[in-house]
Each structure stands twice: as C-alpha cells, then as structure tokens.
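Position chain B against the provided structure of chain A, taking the given hints into account.
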Amino acid sequence: MSLFEVENLVVEFQTAAGPFRAVDGVSMKVNAGEVLAIVGESGSGKSVSMLAAMGLLPWTAKVTADKLQFNGVDLLGLSASDRRTIVGKDIAMIFQEPVASLNPCFTVGFQIEEVLRIHLGLDKKARRARAIELFDLVGIPNPAERLSHFPHQMSGGQCQRVMIAIALSCNPKLLIADEPTTALDVTIQKQILDLLMRLQAEHGMGLIIITHNMGVVAETADRVIVQYKGRKIEEADVLSLFEAPKSEYTRALLSALPDNATGDRLPTIAEFLSDDQIFAGAVR
Amino acid sequence: MTHVLEARNLVRDYQIPGSLLKKGKTVHAVKGVSFSVDQGKTLAIVGESGCGKSTLARIVTMIDPATSGDMLIDGVKVDIAKERLTPEMRQKVQIVFQNPYGTLNPRKKIGEILTEPLIINTKMKADERQAKAMAMLKKVGLEEKHYGRYPHMFSGGQRQRVAIARALMLNPRLLVLDEPVSALDLSVQAQVLNLLADLQDEFQLTYVFISHDLSVVRYIADDVMVMYYGEAVEYGSREEVFSDPKHSYTRTLFAATPRADVESIKARLARKNAA
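Residue numbers (my numbering), protein chains in the order written: chain A, 113 to 396; chain B, 187 to 461.
Accuracy of the hints is not assured; some may be wrong.
[Claimed, not checked] Sample of chain A residues lacking proximity to chain B, with all beta carbon distances greater than 10 Å (derived):
{"#": "1", "residue": "SER114"}
{"#": "2", "residue": "GLN181"}
{"#": "3", "residue": "ASN215"}
{"#": "4", "residue": "CYS217"}
{"#": "5", "residue": "HIS231"}
[As the list claims (entries may be wrong)] Here are the in silico distance ranges between beta carbons for each label pair:
{"#": "6", "chain 1": "A", "residue 1": "SER114", "chain 2": "B", "residue 2": "LYS217", "range": "51 to 61 Å"}
{"#": "7", "chain 1": "B", "residue 1": "ARG293", "chain 2": "A", "residue 2": "ASN283", "range": "23 to 33 Å"}
{"#": "8", "chain 1": "B", "residue 1": "ASP260", "chain 2": "A", "residue 2": "ASP388", "range": "25 to 35 Å"}
{"#": "9", "chain 1": "A", "residue 1": "ASN215", "chain 2": "B", "residue 2": "MET310", "range": "45 to 55 Å"}
{"#": "10", "chain 1": "B", "residue 1": "ALA317", "chain 2": "A", "residue 2": "ASN215", "range": "46 to 56 Å"}
{"#": "11", "chain 1": "B", "residue 1": "LYS432", "chain 2": "A", "residue 2": "THR172", "range": "52 to 62 Å"}
{"#": "12", "chain 1": "A", "residue 1": "ALA392", "chain 2": "B", "residue 2": "ASP260", "range": "31 to 41 Å"}
Derived from the structure by calculation, the hints contain no laboratory data. Note that beta-carbon positions come from the ideal geometry of N, C-alpha and C, so glycine has one too.
Bound-form chain A, shown alone (with noise of 0.2 Å):
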C-alpha cells in the first residue's frame, strides 16, 4: 500500500466566468521512503492539487477525486475537525516564501511551540527542549538564543530552517516542500536541499517536491511528475526522464534550459509546441 494515493483528483474554481478547472484528473502515488518531483509553470496546478489534499483551499474550490488516500484514510471524507489532526503532524508542508509564511507578530520560538503543543500536548518544558533539539537539526546556530528572535531578525534561509523545524516538529510521514528554494541564494538552495535530503533519509518520509527548477529536479527526484495547465503529461523515473523524455512538452522544457543551450538562441516552447500537441501525449 502506498503512503499517499490520489486517484483523478479535480479542482474547480467559481469565476464570473463559470468553473475554471485548475487541476484535471491528475493521478499520484508516493511510497514511505520516496522522493517525488512535480514539476511544471505557473499555472499548471502543481501547488493547488497539493493544497487541495491538504484541505487548505478557500471555499469556492470544488474538489473531487475517486480517491485521495494517506496512510489508508480517506482524506475526503473526513470531517475539517478530524482532518487537522493529520495535517500538520503526519503531512505537514513546506511553503515558498519563508518569511511571508511565518507570522511577523511572534517569536519564532512560539510559532514552533504551538504546533507542539496542539498536535502533541507537550508541557512547556517539554515543548522548549523539543524546539531546541529541533533548531538543531535543521542547523540553526545558537537553537536557544534564536527560539526569541522575531522572523524579521532572521535572514531567508533562516526563516525556512526554522520552516523545516516546525514542519518536522510531529515527525511527519509525508512532507510536501513547495518550492522550498525559489526564493533563495544558490547557495543557501545547496544547503537547505541537503538539508531536506538527509533528513528524508534519516526519517524514512515521503517527500513531495514541487518545483519548477529542472535543476532541483536532478539533484533531489526518485520520480517526476510532468504538469502542465493541470493535466499529468509525463511520469517517469528521474533518469528516464532527463536520459530519453517521452513527451514533446518534457523534451522542449529540458531544452529550454540555458545549461543545453547549443546555438545562440535559446528554444523556447510556444514556438513549436500547441496546447493540443502537448495534451496529445498526457497521461492519466
């Protein structure tokens, strides 16, 4: 059995405009253990099909899936108040913007002690040596002295250690990163990637890595997923994928890449490849 399933899982938005349809029967497994790239532009619903497994979308999404599974639970078909008592401790994620997605009006230390407290019920006692421990290993120098500090105190890179931090807090069995280095340095990126890496092997989690970096892709992916205007157009093991890609779409973002660049012009994708083209060759 795998740790997470989602079968056909459709997304709708209510516009002036009538339904709008963010993602389109997009289908994904991921084993204990596994690290699975999503990869796609903005636009092509990578982040919303994992918002909504998440059960974070705003109302007027419409979400629908023949199955959307964690750990053998039906996701769907539980209540709000049963399904936050998964989410945030056996999934938890990791969003884009470290310091939008910390809240500015508390310390750190508190912000990483509330989810200790509501999802574990440690004492404050507990809950201080536990975030100490947790600042550790994810790198943060001086864990006791930090715990005090306001996100705005800390630089970008800090701010998504200490991201990381809260999102292990309950050891989760699956941690979906989205976008966790878009906003960094390259360097900072090497370092927090490492840091996720090792971490998903000392736990044994899954990991959902979504991202639009091929880069990121390469080092990190076991499996890739392709999207694009929220359909599934290819999935493949990582290097399958870069080696001999099966899709037009997938060949013509590889060759996007300024690292493949073999004339002076770089190819772009609306150039030569149509809607209809790269739907051609989706996969369900």
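Chain B only, in chain A's frame:
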C-alpha cells in the same frame, strides 16, 4: 576607443545613525570595485543577496552616488553627488528591475507607462511619443492593441517585456538588468533572454546583467564579475571564469549550482544506493 561604462575603485558606504545608547555604524556595501564594459557587450555581475550587486546597479544607473571612486559613461565623468544630472546623461543609462509585478504602476495604462520617460526627458510631441511607444511595443514582441491596457491584464513574461520596452524608450546606450528573469518560468525565461539578445544585436546595446543564476550568466555574458561581501573576488572573460575559477567563493558558487545533466543524476543515484 572609450568604454561605454568604466568604473574605477567605486566605494559605497551607508551610515546607520546611532541613538542615545547606541553608536552609529558604517556599512561598507561596495568596497572599491573597478570594471569596464564595451559597446555591444554584456558584463554579468554574480553574487548572493547582500553582496552589494544591487547597490552597484544603483550607482551605475545614477540613482545613488558613489561615496568615492570615479564612474565614466562614454568617457564622461559622472558624479551626481556634486552636480545635477542632465537629461542627456539620464537617457544614456536605463534599468530593468527584477519583479515585473512591482515595477509597473497598476493605475497607468501601458501607453502612459511607456511615454512617461519621453515626457520627462524630451520635448517630443504627443503624437510622436505615441508612435514611438507603438513601435517599441512591436519591437519587444507585444502588439499595438496592448497600448491601452493595464498591467494586471498581462502575464509575468509580458510585463517584463513592457519593463524592457520602457527602458528602451530613451534609446539608452547602457541597460542595467537587475535579475530580469529570476521571477519568470523556464520557458518564459528563454523567451525574454532571446528578446534581450535580439535587442542587443539590433541597437548595439551594452548590458550590465545582474544575476545569481550561473546557467543564465554562462549563456548571456561576455565578461563575468563575481562579488562577495562588497568586493569583486573574480573578474574576467566568461571562458576564464567558468573554466578556471580562481577564488574559493567562485568555486563554492559553481559547486552549489544544481546540475541537470544525466551524468550528475547517475552519480547521485549511485551515491544514494551505496548509502
């Protein structure tokens, strides 16, 4: 031949005022940087946040004065701390910023955004201004019908095209590009990079290209300067810097850049299976 842009020992310090109990502090943002760029060439400035590359961009664009050092544009010395900037000088250097969502006024139409620099810096008539803006829209791959639209009606890549068009309205000699493609998707990034290359060919533009993405720099630059804590730790032609990095920080930067080739993936998977 004179260089389009020449900088000699540029220094920029920021004073942080003290208070009753705290002493004031001086932050050395740029510590003596020298470089030169010739017409039609691209100098890339690489470094992580806080290394002073954006401060340098502000000095080159004549937004902020340098604390000391000389800057020459087309062989003419410029010091905005001492004298007012002439419109002729202002027209020579223009800038494109990183975030195309933040740099276009949401309450102005594209046409107004494009003609504003002409109103301020030239004595062109209204119909000439409009004709020039229309022509520029086509040059950057947009259409005349976009003239009366508002920025929110455009995608990120299109907005960056508008920002580039605005920078080109005054026929500048030098264009400062401050992370122009970092906020864009991969395929849109390719389109904008192609556009920049085409425009450089057509107008013989000189670029100062600021980025932290080494794969983009390797693609677009002629010369590369690597900055670290306000100092230029490496400066040379693209081939020199990429094939034989001298400074340890440059090597760290290269090692940190994710590689998307099949060999590196094989090596990583082999390491993982061995562990």
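Supplied distance hint 51 to 61 Å, evaluated on CB atoms of SER114/A and LYS217/B: At roughly 55 Å between Cβ atoms, LYS217/B and SER114/A fall inside 51 to 61 Å, so the hint holds.
Outcome of range test on Cβ distance (ASP260/B, ASP388/A; 25 to 35 Å): Given about 51 Å between the Cβ atoms, the range is violated.
Nearest-CB test (10 Å) between chain B and HIS231/A: HIS231/A clear of chain B: closest Cβ-Cβ about 31 Å, beyond 10 Å.
31 to 41 Å as the expected CB spacing between ASP260/B and ALA392/A, which holds or is violated: violated, 53 Å
Cβ separation of ALA317/B and ASN215/A, checked against the hinted range 46 to 56 Å: Check passed, 52 Å falls within 46 to 56 Å.
Reported absence of ASN215/A from the contact zone with chain B (all CB gaps over 10 Å): Holds, because the least Cβ-Cβ distance between ASN215/A and chain B comes to about 23 Å, which exceeds 10 Å.
Verdict for ASN215/A, MET310/B (Cβ pair) under range 45 to 55 Å: holds, 51 Å
Cβ separation of LYS432/B and THR172/A, checked against the hinted range 52 to 62 Å: holds, 56 Å
Beyond 10 Å from each Cβ of chain B, as asserted for GLN181/A: The assertion about GLN181/A holds, with a minimum of 27 Å to chain B.
Outside-interface status for SER114/A - nearest CB in chain B farther than 10 Å: Per Cβ check, SER114/A is outside 10 Å of chain B; nearest 20 Å; holds.
CYS217/A remote from chain B - nearest C-beta pair above 10 Å: holds, 24 Å
Supplied distance hint 23 to 33 Å, evaluated on CB atoms of ARG293/B and ASN283/A: Violated, at about 50 Å.
The structure fails to meet hints 7, 8, 12 from the earlier list, while all remaining hints are met.
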